[in-house]
Amino acid sequence: MSQSNRLSEGGQIDRTRMVTFRFNNRQLTAYAGDTVASALLANGIHLVARSFKYHRPRGIMGSGAEEPCAMLQVGWGAKSVPNGKATQVEVYEGLEVSSVNCWPNVEYDLFSFSELFSAILPAGFYYKTFMYPEKWWMHYEKWIRKAAGFGVAESEVDLDRYEKVNSWCDVLVVGGGPAGLAAAKSAADAGARVVLADEKAELGGGLLRSRNAQQQTWLAEIRKQLSKSHLVTVLERTTVVGYYDANFLVMNQRLTDHLPAASADQSRERLWRTRAKQVVLATGAIERPIVFGNNDLPGIMLCSAVSEYINRFAVTPGRRAVVFTNNDSAYQCAVDMLEAGVEVSAVIDVRHSGPNEQLELLQTRGVEIKLGCAVIGAKGRNRVGSVKVASLAENDVPLTGSTKRYSCDLLAVSGGWSPAVHLHAQSGGKPKYDQDNSCFVPGDSVQQEQSVGAANANFLPDDAIAEGVRIGAVATARALGQDTDLDGSEETANVTGKNALGIQPFWRVSDPGSRLKQFVDFQNDTTAKDIEIAAREGYRSIEHLKRYTLLGFGTDQGKLGNINGMAILSEELGQNLAETGTTTFRPLYTPVTFGSIAGREIGPQFFDPVRKTAIHPWHLEHNAKFENVGQWKRPWYYPIGDESMTQVVNRECLAVRKQVGVLDASTLGKIQIYGPDASQFLNYMYTNAWDSLAIGSSRYGLMLGENGMVMDDGVTSKLGDDHYYMTTTTGGAAHVLTWMEQWRQTEWPHMKVYFTSVTDQWVVMSISGPKSRAVLEKVVDDIDVSNAAFPFMTFRECTVCGVPARVFRISFSGELSYEINVPANFGLHVWNEVFEAGREFGMTPYGTETMHVLRAEKGFIIVGQDTDGSMTPIDLGMNWIVSKKKDFLGKRSLSRSDCVRLDRKQFVGLLTEDPDIVLPEGAQLVDQPSIEYPVAMIGHVTSSYWSPTLGRSIALAVVKGGHTRLGARIYSTLMSGESIPATVANPVFYDQQGERQHV
Amino acid sequence: MLLINCPWCGPREESEFSCGGEAHIVRPLEPEALSDEQWADYLFMRKNIKGEQDEQWYHSAGCRRWFNAQRNTVTYKFGKTYKPGEFVDEDEV
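So the protein lines, in turn, are chains S and W.
If you're matching positions, the first sequence starts at 1 in this note's numbering and goes up one per residue.
If you're matching positions, the second sequence starts at 1001 in this note's numbering and goes up one per residue.
In case anyone wonders, no lab produced these hints; they're calculated from the structure.
Keep in mind that the hints are not guaranteed to be accurate.
[Stated by the list, open to error] Calculated from the model, a selection of chain S residues having no Cβ within reach of chain W, i.e. all distances over 12 Å:
#, residue
1, 8
2, 189
3, 540
4, 742
5, 878
6, 961
[As the list claims (entries may be wrong)] Okay, derived cross-link-like pairs now, DSSO-like style, lysine-lysine, Cα gap no bigger than 30 Å in a straight line:
#, chain 1, residue 1, chain 2, residue 2
7, S, 960, S, 752
8, S, 224, S, 164
9, S, 277, W, 1077
10, S, 79, S, 164
11, S, 430, W, 1083
12, W, 1050, S, 430
13, W, 1047, W, 1083
14, W, 1047, S, 432
15, S, 778, S, 884
16, W, 1080, W, 1050
17, W, 1083, S, 277
18, S, 164, W, 1077
19, W, 1047, S, 277
20, S, 517, S, 498
21, W, 1080, S, 752
22, S, 517, S, 529
23, S, 430, W, 1080
24, S, 432, W, 1083
25, W, 1083, S, 891
26, S, 277, S, 404
27, W, 1050, S, 752
28, W, 1080, S, 277
29, S, 891, W, 1047
Every residue gets a Cβ at the ideal spot worked out from N, C-alpha and C, and that includes glycine.
Just need the whole structure built from these sequences, with the hints factored in.
Printed below as a string of structure tokens:
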């Protein structure tokens, strides 16, 4: 029979819209407005899950985010959500859900044999047992992971779209229960811009489980008013999941998960990043279970959940019920059940009195009220069938001699209420223990927030509303900076009085003789005994206990179980709960999908941006292999046909040395420097002097950190009296700009000098080789390019292929070389023209690998390859560039005792005795070939190549005292244990006089 | 996410900024006149205060300007922020 437990009337569901859904491949019906939990209960299904460790049958305990057990795989394929809580997933037409952590099915789970071994599976079992031998862990782990665990994370690509919103408001109200609704209205009435976020599908909070006519009228009215107010934004299905510094809150809004099919242009979830001037936390309270034997059986539920299923969903979760409580609120649940036609056998109250009015009402309707008693154990297979009740002695220990058994298919439990202090704690507040209400309540506010209603232990709706009204106004006054007599802080204590629900602390039924398991954390199968063992083993800190027993580690984050666990530990240690304290409440409050966090920035292009030069399409056409340099894609080499990389590099190198090559050097950092103090500023930045540079000339510069170590290098040219054009290494461009800005702004703000990054504005093509002048001559329109008219280390502003250009005669290859700079938008045009012009001279495009070989043949350093942040210019043998006269950044450090040591690692060339051996870069260098460890390392290889020009291998290295070792034989030890002899040499291997660039 | 008050732009998200360490370290005018110890003191030694500290901050993903900020290294709370060359009257803090 379908929906056999659905009441014929009542509830907030839409009876005109029947929907069908599938649970474990079984087709069921429900109504629009149902959650999966209410729909399953309406169909008489309690058993929905198996527990984590023992695979015990589990049912639905709660009605919201606190649910620890009823987790389901929701949907299928790319849209599937693992571990959806049945109490939160809304039913829609065609929804498919299935149980997790069970095989072959939830009714007959073969893994439940693990419970037979439970005696040997106490807390820390895995730690203790599978520690040794360590290398076996990988085998254990596979087995353990198969037996434990929950839903399956989908491996298909998520096709849904997720979006983010940045927002602000004057007052953010979290929670749409009576306190939150009242606060939102009160704040808006006072003129604040209000956002009201509630995690459920409809506003009402605790009022959703009430059938009090007066409250329902109030709820309907205030919902109407809020929806009309232009100052209030109501966000339903929106959970405030994180409260961060400076009143920054993150909210997760679910937009389409309750719809059968979302259209393609609809986002699935929206992540709100919100700054609120004031926050009102009306997050309510979570009802607590009580720890007793077999307290995890399906059919054992929280009283609040029972009331919510009856009054909100018109579903009766059972036919014959028992209530077990330590406070007044459970009596309303008993009344609700009676009115819904559920037989209530008994109310078991650990106290010696109850709320008179309801108590009498229940008694007149034949409900047995057992005061001073407790449920000590439940019995049943896959569903509670009966409970055993005993009287309590003075010390709350059950008198097991006189027990009575009640048969029932539903046990409604209330162990009191825990205010949801999570967000308050995340904001930096420290929850404090309230002895009167036996719960943790928000402590002093650290940020601009206040808690109201049940979240502040004002459990009665009328009190919560009154408090909401007052605090809503206070929050507005503060947010708008108004003077106010209102004070939120003093009066936030309970309105009606202390302990309005008459809660008497009672966490756990003490029943030492029983073999029944008493569950504390239902999701992780942590039992009271586990906590006892941990306490005996010396776990005194709640944080350590948590990690040892997994208490509160689940997807529910211990919303139900933690408080009982803390109480049991306190009992074991003979201290009070305030001394034990809570574990840390960390974001997120409930699980959030990765999709929501990632938003729309999905894909490799968002992982790291890719920069391409204007010539990139040409490189692709010419079969370039690319190398990543920072974020840039640079051509590495250009194979023709099936050439190997070595063949390509040899061909490209020889083309440059003998004819002409062209390199895309657009990625070089380029900084325009303006201002009357530009020369003076450069004097500080570079080790050499800049005052004397003539307009139209270029100069190489070495930049040091203030510690004297080489940071960057490049050529800077003087365009005018107050105008320079600086180039930096490709990777160092951003850092150099920031570095210069910092000095200019913080140390020399009086200097009139300004910097502009123009890296992307210019395309640079470097044409190198003996024929490069002939090529330039063909493409340049208006200047004399002869050696006399356009000498080395100068530049000319001219026109190249009709495009205004700057041509620099500088060289990184040692050959006659020109760097043609043109505005980037004309870059590809000029490149094509230049390449055409060069064709008759055998112009060859070359990539970074050839560039590296060519510069290594010349002993030119690459900052970051041949230097590592511990090399001074002296170490590099570049004393010639270090000014003795002027000050510059890093100068003083060069004379520090450590920088003048003679045994510093110094930059040298290295020639292997066997010219065919190319040393691996990074290879360690030693004095002696003998391999008797440890060997004193005297340096390492920084660059190493086959030189096609010289027909042998070459290497650059740093060697201790290397400058005085020229000609000495040292050894490179390889991973294989082999020692390769090599001779320390001048790092300039080719054209030592540097004549070729001057021709 | 902290809200940092850039004295040039106003309050902006923490993610737009980077920290440049201790503020008010003046580069010696005549480095060559200093002993190794004095130079090392300028170069390496930082107070690393537990509590209120003056720091340099850079609005790197914003106006790209530097400023000084008082920040509590224990609570992360920002106090006053001010432009280079300005100083805070200690009585105000």
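Sort out which numbered hints this structure fails and list those numbers smallest first.
4, 7, 11, 14, 15, 19, 20, 24, 26, 27
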